[in-house]
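Protein chains: 2
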Amino acid sequence: MRILYHWPLDPLSRQVRIVLGEKQLKFQLEPISPWKITDEFLALSPEGRPPVFMNASTTGRTVIAGARAICEYVEETNSKAPMLPGSATERAEIRRLCDWFNHKFCDEVSAYIMHEKVEKYIIGHGKPDLGALRSGRDHLRFHLDYMDWLLEQREWLAGAQCSLADICAGAHLSCLDFVGEVNWKDHPRIKEWYQMFKSRPSVQPLLSDQLPGIIPPRYYANLDF
Amino acid sequence: MRILYHWPLDPLSRQVRIVLGEKQLKFQLEPISPWKITDEFLALSPEGRPPVFMNASTTGRTVIAGARAICEYVEETNSKAPMLPGSATERAEIRRLCDWFNHKFCDEVSAYIMHEKVEKYIIGHGKPDLGALRSGRDHLRFHLDYMDWLLEQREWLAGAQCSLADICAGAHLSCLDFVGEVNWKDHPRIKEWYQMFKSRPSVQPLLSDQLPGIIPPRYYANLDF
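Chain order of the listed sequences is A and B.
For what it's worth, this note's numbering labels the leading residue of the first sequence as 640, then goes sequentially.
For what it's worth, this note's numbering labels the leading residue of the second sequence as 640, then goes sequentially.
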């Protein structure tokens, strides 16, 4: 039995859900609030943050914490639908972009916008700070320009095939889209890429996630937006 | 011909140097100042930050940016001295810790201390902010406790063998040690681990790095400190 401990609007948790979906592996979702970590969850994973993946059988259990570690593990142990396709050099470009989105993009965009618009609301820390929100939005424009530049040269972010790089980027953008923060109009090339991403069966389940009090824009779940 | 574009006190650049050393690959070092990125370097790597690895031959060249992408690439293409040894589950634990050190530790400790004590000095932004320095030091204590807890159970951070997890952690600690910020006395277990790490031939070249105006403590390069 596979269980993924996740938080629905956490881009890192979303990446793992999509990768498990791409691999067509069955799993249960167990929601974890990053702001209310239980002792039970800490005992499972001392890092104390989602995503955590558990595969339990009668002979024992495997517990893996952290999106990147889980995705590489799932990739290594399941040859179906490779998420790191191509040569060693092509895989290096995929991994470079995974780091770019999970760290540079995350620190400069997601951390600002998701904190101001979602986390603060959930933990009752008041209204978004407009200066911080503006910073996140400014950084987002720079990052979208970079994605545009990549997609000028490639069908998918790291090359000719969909890879873990697209899943990382798509997971971040899907969370920002949930709070209406992606200006698709000014980026038709990214919109086209995101439509291809969104139409993958592995991504569909994420589009029906609900969060009390935070309503995504109407177009959020539409494939044609 | 292999070239590593690096900055001597950048923990990410240091990781790649050590991995290349472990694999006994010959390479040239090309110093890059993260604060003075040239157009030539940007043309090589649009990310515009070290480390960048180039392998050029008469038939073409491979350019890879980002510590994690380079280390995984070097690991995939060179079977000598595996840096991700063991089973898929053991590799997952190594990768989890690489992320932990390169992101959580980096954001909470290195970013504060190295910025205040090194970057500000180099770019002429005045004296360290004592509040920020104190935050970095507080976080460092927490992280050292976590390392202590891991090393209570394991000889190396991720298990029985030296791995990329030790290289990531050791690279960060070696930079903090350069500016005298690691309290070895209170952490004899970590000191013992760091002595083993420091004595590896791959780590030795880093101990003679010099930076104008910043003098490491006397014990920095000593194996017995």
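Derived by calculation from the structure, the hints in this document are not laboratory data.
It is possible that some hints are incorrect.
A pair counts as met if it fits within one copy or between any two copies, since identical chains are not told apart.
To be verified - Keeping only pairs whose Cα atoms sit at most 30 Å apart, straight-line, the calculated DSSO-like set for lysine-lysine is:
#1 LYS719 to LYS759
#2 LYS719 to LYS756
#3 LYS662 to LYS766
#4 LYS662 to LYS756
#5 LYS743 to LYS759
#6 LYS830 to LYS719
#7 LYS675 to LYS719
Since the structure is predicted, the reported quantities are computational estimates derived from the model, not experimental observations.
Going through the hints against the structure:
1. LYS719 to LYS759: neither (39 Å within a copy, 49 Å between copies)
2. LYS719 to LYS756: Classified as neither; 37 Å inside a copy, 48 Å across copies.
3. LYS662 to LYS766: neither (40 Å within a copy, 52 Å between copies)
4. LYS662 to LYS756: So LYS662 and LYS756 fail the 30 Å test inside a copy (32 Å) and across (46 Å) alike.
5. LYS743 to LYS759: Result: close both inside a copy and across copies, 22 Å intra and 21 Å inter.
6. LYS830 to LYS719: Cα proximity of LYS830 and LYS719: one copy only (27 Å, versus 44 Å across).
7. LYS675 to LYS719: Intra 36 Å, inter 44 Å, cutoff 30 Å: neither.
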